[in-house]
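2 protein chains.
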Amino acid sequence: MADEVTAALLIIGNEILSGRTQDVNLNYVALGLNQAGVRLKEVRVVADDEAAIIDAVRALSGAYDYVFTTGGIGPTHDDITAECIAKAFNVPLRRDQRAVDQLLKQMRPEDLNEARLRMANIPEGAELIYNPVSHAPGFRIKNVYVMAGVPRIMQAMFDGIKQTLKGGAKVVSASVVIHAPEGSIASQLAAIQTAAPDTEIGSYPFARQGRFGAIIVTRGTDPERVRAVSAQVVSMAKEAGAEVEDEGLQAP
Amino acid sequence: MADEVTAALLIIGNEILSGRTQDVNLNYVALGLNQAGVRLKEVRVVADDEAAIIDAVRALSGAYDYVFTTGGIGPTHDDITAECIAKAFNVPLRRDQRAVDQLLKQMRPEDLNEARLRMANIPEGAELIYNPVSHAPGFRIKNVYVMAGVPRIMQAMFDGIKQTLKGGAKVVSASVVIHAPEGSIASQLAAIQTAAPDTEIGSYPFARQGRFGAIIVTRGTDPERVRAVSAQVVSMAKEAGAEVEDEGLQAP
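Protein sequences appear in the order of chains R and Y. Under numbering that gives the first Met the number 0, the final residue of the first sequence carries the number 251; numbering is consecutive throughout. Under numbering that gives the first Met the number 0, the final residue of the second sequence carries the number 251; numbering is consecutive throughout.
Note that these hints are calculated values from the structure, not bench results. We treat Cβ as the ideally placed atom computed from N, Cα and C, and that holds for glycine.
Here are the simulated distance ranges between beta carbons:
1) Y:E123 <-> R:P131: 51 to 61 Å
2) R:R210 <-> Y:N112: 14 to 24 Å
3) Y:Y129 <-> R:E246: 32 to 42 Å
4) Y:R207 <-> R:G247: 37 to 47 Å
5) Y:V23 <-> R:G247: 25 to 35 Å
6) Y:N120 <-> R:E242: 24 to 34 Å
7) Y:R210 <-> R:R93: 26 to 36 Å
8) R:T163 <-> Y:R94: 46 to 56 Å
The following residues of chain R were derived to be distant from chain Y, with all beta-carbon distances above 12 Å:
9) D100
10) G124
11) G159
12) L164
Given the sequences, and given the hints that come with them, work out the whole structure.
Below, the structure is given as structure tokens:
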């Protein structure tokens, strides 16, 4: 699509890969980027492993306009994100006085032990990302935004960042629920897609009480076009004899 | 860890990246692989985009013992996984009579239209993966297992595959809930980790009712060692004055 601003998300954490934790950050970031007119194009989940983190940061930073990372910026030995980001960009990791000051908002000086001071180790040249919840800051270096993994903290950081992103044209979508197997309308749907290359039509099948259906989502940057193409989907499905629920235009 | 068998998961679908759908397949596959003694090392989510899918399949297939993909094997125009996998491995995509026979279990011959027959297009040399739910098969080619995206179908396919995987030593874990900020025990925890390189200790912070805490998870392949190291974590936290809940050994 024209005027596209792209992003990737890098989720760092053994707990997601082991199945211990169900990730919820992906969905939050995806929805928020949509609102900001930024298209999330790729997500990676990697372990708390230096080589894996560095490789992913370099690959994603080079390929997309924005990169967001979650996880690995706490005080414990398995929190290695900041040092990996510094290595990925070949800059030194430094004790950052601004970050120390932030931490002192949360705790007494005598509680600011060596482990906690690790949270003030920030790659040189980075800007801090404000953490209103627990004050251990995230940071931005080049096009990479480094955030906490705890959802409540990640969300607070991301909501602040979101305002500053330079998005492209916002994507809107229109949904149609078709109570028929998607295979029964697939060729007609393909024809509608072919005739409307300025929109992107997705078919998401479901099964409820043993009956198959599909949600057909039309996306695009021109609301009038999205509305018109989605109306074609509705007509086509009705002609095919399917029961149809037109959910209309949504943003995003 | 010794005797490690590794895997990656590739989630294919615009609906995850747009935030429309909250992925649940990652967690299911992660837990199932753990049970099979296979370590999930990386997850990627990519759009319904040929180049993105091909690149990811090649990268992951070369790097890990097993690769699992979800999504994009239905009958609609946005289902392009099978043709991308064929291209990734430079093999032809062919109409597979075994797959046609499977589809005919689900539908009458007159309903098996051209769009639905696309679900029988399988890369040459692949084995089919049985789909007890809707009979449109998945397939395996080399070390890549291609599954549906609909969770109910994906789970049915994966449960069948799981039995056939050759796992390594199974990982067990032991959890300790510490009602103190992780920063207050981080240096002691790092010392325990350093002295026990045959285990992997993760710290997962949480905040409940404004109080910070952390779940400390010790993982390893030797249950006795995991139990012993986790017991050290319990003693250490108690010594530090924290309230502790020892959740003991879990598999995995």
